[in-house]
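Take a look at the letters that make up each chain.
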Amino acid sequence: MTLEPIPDKRKAVVVPDVDPEAKWRPYREPLPAGEHPHRPAEGFKLLGKRVPLIDGPSKVSGQAVYTDDIQLPNMLVAKMLHSTRPHARIKAIDATDARNLAGVVDVLTGLELDPTRKFGVLPLTKDEEPLALEKVRFIGDYVAIVAAEDEWTAKEAVRLLKVTYEDLPSYLKPSEGLKPVPEKIHPDIGIDQSNVQKHVDQEFGRPDEAFRAADYSVRRKWKFQGVTHAFTEPHCVIAHYTAAGRLVVWSATQVPHYVHRALAEVTGLPMHRIQVIRPQVGGGFGGKSDPFPFEMATALLAMRTRRPVKLLFDREHSFYSGRGRHPTENEFALAMDRQGNIKALEIEAVIDGGAFASFGIISTYYNGVLSMGPYKVPNFRYRAAASTRTASPRGPCAGTAP
Amino acid sequence: MNKILKLTVNGVAREVAAPDNAILLDVLRESCRLTGTKRGCDMGTCGCCTVLIDGENRLSCLTLAAQAAGKEITTVEALGTPNRLHPIQAAFSEIGGSQCGFCTPGFIMTTKALLDRNPDPDDKEIREAISGNLCRCTGYIKIIDAVKVAAKELAPEPARPTPPIAAPARRAK
Ligand code: FES
Ligand code: FES
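These protein sequence lines are chains D and R, in that order. The first sequence: position 209 = 209 (the numbering used here), numbered continuously. The second sequence: position 54 = 54 (the numbering used here), numbered continuously.
Among the hints, a few may not be true.
Simulated pairs of lysine-lysine, DSS-like, Cα-Cα distance not exceeding 25 Å [claimed, not checked]:
#: 1; chain 1: D; residue 1: 49; chain 2: R; residue 2: 148
#: 2; chain 1: D; residue 1: 91; chain 2: D; residue 2: 126
#: 3; chain 1: R; residue 1: 3; chain 2: D; residue 2: 49
#: 4; chain 1: D; residue 1: 223; chain 2: D; residue 2: 173
#: 5; chain 1: D; residue 1: 45; chain 2: R; residue 2: 142
#: 6; chain 1: D; residue 1: 45; chain 2: R; residue 2: 3
#: 7; chain 1: D; residue 1: 184; chain 2: D; residue 2: 118
#: 8; chain 1: R; residue 1: 3; chain 2: D; residue 2: 155
No lab work stands behind these hints, which were simulated from the structure alone.
The task is simple: from the sequences and hints, build the whole structure.
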């Protein structure tokens, strides 16, 4: 990488690239105890020792119970109709054929929901709906849910649902949302007429002066394309509204308490009548830490049918729903002195939050706060905008920062 | 239309009513209630659903139940219970080759097939053998360690020379 000298002191420095001779080694022999910094030789009870998981034996013997392993008596199978449009108004949903199919017990659409009962993981940004109320905001958005006696009937019923959409402009780049837009993704959220959900400005020291006084500086732009967790267990939820008037929900979630709170908001039940059980979870890495619309929709369906209902996503919809790390457009500038000390860091970032806020506000702050890594940075400026986009929602992925 | 399928699962002969196009994974999980075999992707990409069919590791989500009729099907439940783990299971548990555990039954069955045909695999052979199984938690290093430990554990004891039997010491009266 070549550094760009600031105009008055023309001196370019070439920073050597990573040693091309260094071999990439996919597998390392475990270092013997005593040679590895984290495995001291002797004298510790736990440090340097393998500590098997207490639930290891149940997992390796196939006895650990994950959500999809639970089978309740008289349980219905639910399937979701997902949006095929990135941004569209729902004009009508015709569920006649689906309802008339033998074996179909119930069909629920957003048109039947209370529009005031929204939820979201952060109390500040409750912008999610159990099922799309009037418009869909990403391909894969939740339009309707069907409960049937078996999986094939449920799938067939979903196929029979007819949705009339009116397409709205879609925003596929995060930066598109910064300007005023013809149709906001969330009409009541977002700064002015844009899709920007949050602006963050952080500054300390005197970054401008530091850049002027620096011996070298470099400025680069790049894009981070976003990643998904790809946990091995797809999303799964079971809901049961018992005869005693208790809503019991088993979900492959990382945070049952968020689900508990959101269920109370959506169903209107007091919290003591809701129980959320988290069985073994097959990986989450952040992707199962939001309360999800499909968890709410399954619970509502269970309350309507008064039978246990199970919803299991296939891999495709787990990808649509799993809230991977935010794609980001970054511009970084770094000022250094001749000894290689960092003098200032300036960052501008546009963070793509996808269709819903999720943990977006936190991610917007963390993106700046964590950008210094372990270095001492005396002067710092960070400006970021988190923008919604008509694409899969984004959230924490092995942490909360992009 | 359902038909009666005759399957041998973990040594037990079973008769299961299933349609012609029933998938082995569904039959194992739903009809036999053997939920140790996991459904990770349902399309042959993750390896979570690996079982042994006549000793060979197979993806049960890509196998018709009818194809397995009359054959010996082995799932993770057949190897051991938490109090009497099979050496492969014990190695995965103790070495940390299993974290969330969702991929684990698949890895264990793949390992079983590998060690049955090659009791002393080297690194490359292990990596090749588990290349069809995805794990998102462990980063594979501990899984490879676990396979090695299991291989060592399962290796037949080297024949040792029999120690001469010492004459019992006479007790002084
Ligand atoms: S479930 Fe069979 S390979 Fe993933
Ligand atoms: S232990 Fe979680 S995916 Fe392998």
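Notebook entry, point to check: Is it true that the CA of residue 3(R) sits at most 25 Å from the CA of residue 155(D)?
Noted result: Holds, at about 22 Å.
Notebook entry, point to check: Is the straight-line distance between the alpha-carbon of residue 91(D) and that of residue 126(D) 25 Å or less?
Noted result: Satisfied, since the Cα-Cα distance of roughly 24 Å is no more than 25 Å.
Check: Taking only the CA atoms, is the gap from residue 45(D) to residue 3(R) under or equal to 25 Å?
Finding: 58 Å, violated
Next item on the list: Starting from residue 184(D), check that the Cα of residue 118(D) is at most 25 Å away, please.
Entry: Holds, at about 18 Å.
Margin query: Given the hinted pair residue 223(D) and residue 173(D), is their Cα-Cα distance within 25 Å?
Written below: 11 Å, holds
Notebook entry, point to check: CA of residue 45(D) to CA of residue 142(R), is that 25 Å or under?
Noted result: 21 Å, holds
Margin query: Run the distance test for residue 3(R) versus residue 49(D): straight-line Cα separation, threshold 25 Å.
Written below: 53 Å, violated
Notebook entry, point to check: Has the given pair, residue 49(D) with residue 148(R), been kept, meaning a C-alpha gap of at most 25 Å?
Noted result: 18 Å, holds
The structure fails to meet hints 3 and 6 from the earlier list, while all remaining hints are met.
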